[in-house]
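Trainee: Sequence:
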Amino acid sequence: MVLICANDPPPRRVFVFSGHIEFFPAPSTGLFPSFAVLLRKILGRVSVDKTITVRYYSIKREKKASIPNFVDMFREIYAIKKSVSREKLLSTDYTIRLENLEDDGANAVVGELIRCQNTNLPGELKGDAIGKLTADRLGHSVVFRYNHKVGILGIQHDVRVISPGRLLEYVAAFNPQAIYSMAPRLNKDAWKKFRDGEVRKLSIRIANPDSMEDLTGTGKAASAGIRAMAEAYNAPTISVDISMGHHKGTLSTAVVGLAKQLLAMAGGARLDALSAIAVVNDESEYIDLIEDRMMSRSTLGLDDRDPDINWKIKRGFICSEMKKLVG
Numbered sequence: 001m002v003l004i005c006a007n008d009p010p011p012r013r014v015f016v017f018s019g020h021i022e023f024f025p026a027p028s029t030g031l032f033p034s035f036a037v038l039l040r041k042i043l044g045r046v047s048v049d050k051t052i053t054v055r056y057y058s059i060k061r062e063k064k065a066s067i068p069n070f071v072d073m074f075r076e077i078y079a080i081k082k083s084v085s086r087e088k089l090l091s092t093d094y095t096i097r098l099e100n101l102e103d104d105g106a107n108a109v110v111g112e113l114i115r116c117q118n119t120n121l122p123g124e125l126k127g128d129a130i131g132k133l134t135a136d137r138l139g140h141s142v143v144f145r146y147n148h149k150v151g152i153l154g155i156q157h158d159v160r161v162i163s164p165g166r167l168l169e170y171v172a173a174f175n176p177q178a179i180y181s182m183a184p185r186l187n188k189d190a191w192k193k194f195r196d197g198e199v200r201k202l203s204i205r206i207a208n209p210d211s212m213e214d215l216t217g218t219g220k221a222a223s224a225g226i227r228a229m230a231e232a233y234n235a236p237t238i239s240v241d242i243s244m245g246h247h248k249g250t251l252s253t254a255v256v257g258l259a260k261q262l263l264a265m266a267g268g269a270r271l272d273a274l275s276a277i278a279v280v281n282d283e284s285e286y287i288d289l290i291e292d293r294m295m296s297r298s299t300l301g302l303d304d305r306d307p308d309i310n311w312k313i314k315r316g317f318i319c320s321e322m323k324k325l326v327g
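Heads up, the sequence shown is in the UniProt record's numbering, so the first residue is 1 and it goes up one at a time.
In short, the hints are calculated from the structure, not lab data.
You can take every hint at face value.
Cross-link-like lysine-lysine pairs, in silico, DSS-like; alpha carbons within 27 Å at most:
(1) LYS260 / LYS63
(2) LYS260 / LYS193
(3) LYS50 / LYS126
Turn these sequences into a full structure, and let the hints guide you.
Mentor: If you want it as structure tokens, here you go:
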């Protein structure tokens, strides 16, 4: 983060923090807060978040002999003895490796994926001094559990580290035949209302839309249009409302197919918002199709330094929560 203290006369002070750039109003607007207030706000953001969320997905493969079982791919990858040999560079500065894998009973495996960071590394503090980080790389972790009997994956939700789509890319990097489809497990009541209700509006917000994959069928027009707007206007985020407006009637049932594809979307684009307004039992109802996905969430007693302790804590949480929901 780069903070320019605009209340200073030139040359203005510049304060650098790791992360992103924030712009604040010019002092002439009367809205520029004191530096102390801003600093407290910034430092409050960098505290470690120990709340983790797990989301659940159905994993499917075409019934072809050449496509291995999803669980067999994990076992094949983990059989590679050296961790560094399990690493795959998926795109620029995006390297992943399978760090841990264990059986959890007869029907499931639980594991840990690491995103390896070797660029834009932070400094290291020693007393009053800041110096170069002595570590070669940083490792950012997400845990997952896959019940291969029912074909359901639970994965820690942190798209800044590893998204579910990147997990599929990682597996396919070891075997080009290992192509699977992924669909989120939704709150059954919310999805039933959306599917069976009379949908009058569907609202979509996509981040990184220029990287949006080609959707098919009912989603083809939406993906082509969103990507075209991103390329034409250099927009990092695009929001789209498909609505009946003041007209009577409802949208085509094709919006259900579009929503399914958006929720299962992989690749670089990210679905930040997906909601609908539908008439259910003669009443208009707002349905948030992202927040109504099946999930588990808790604040855990994670250690500030020890990745082995944190792996055990997160492993225990995901195993316990997933067993309650899907086995």
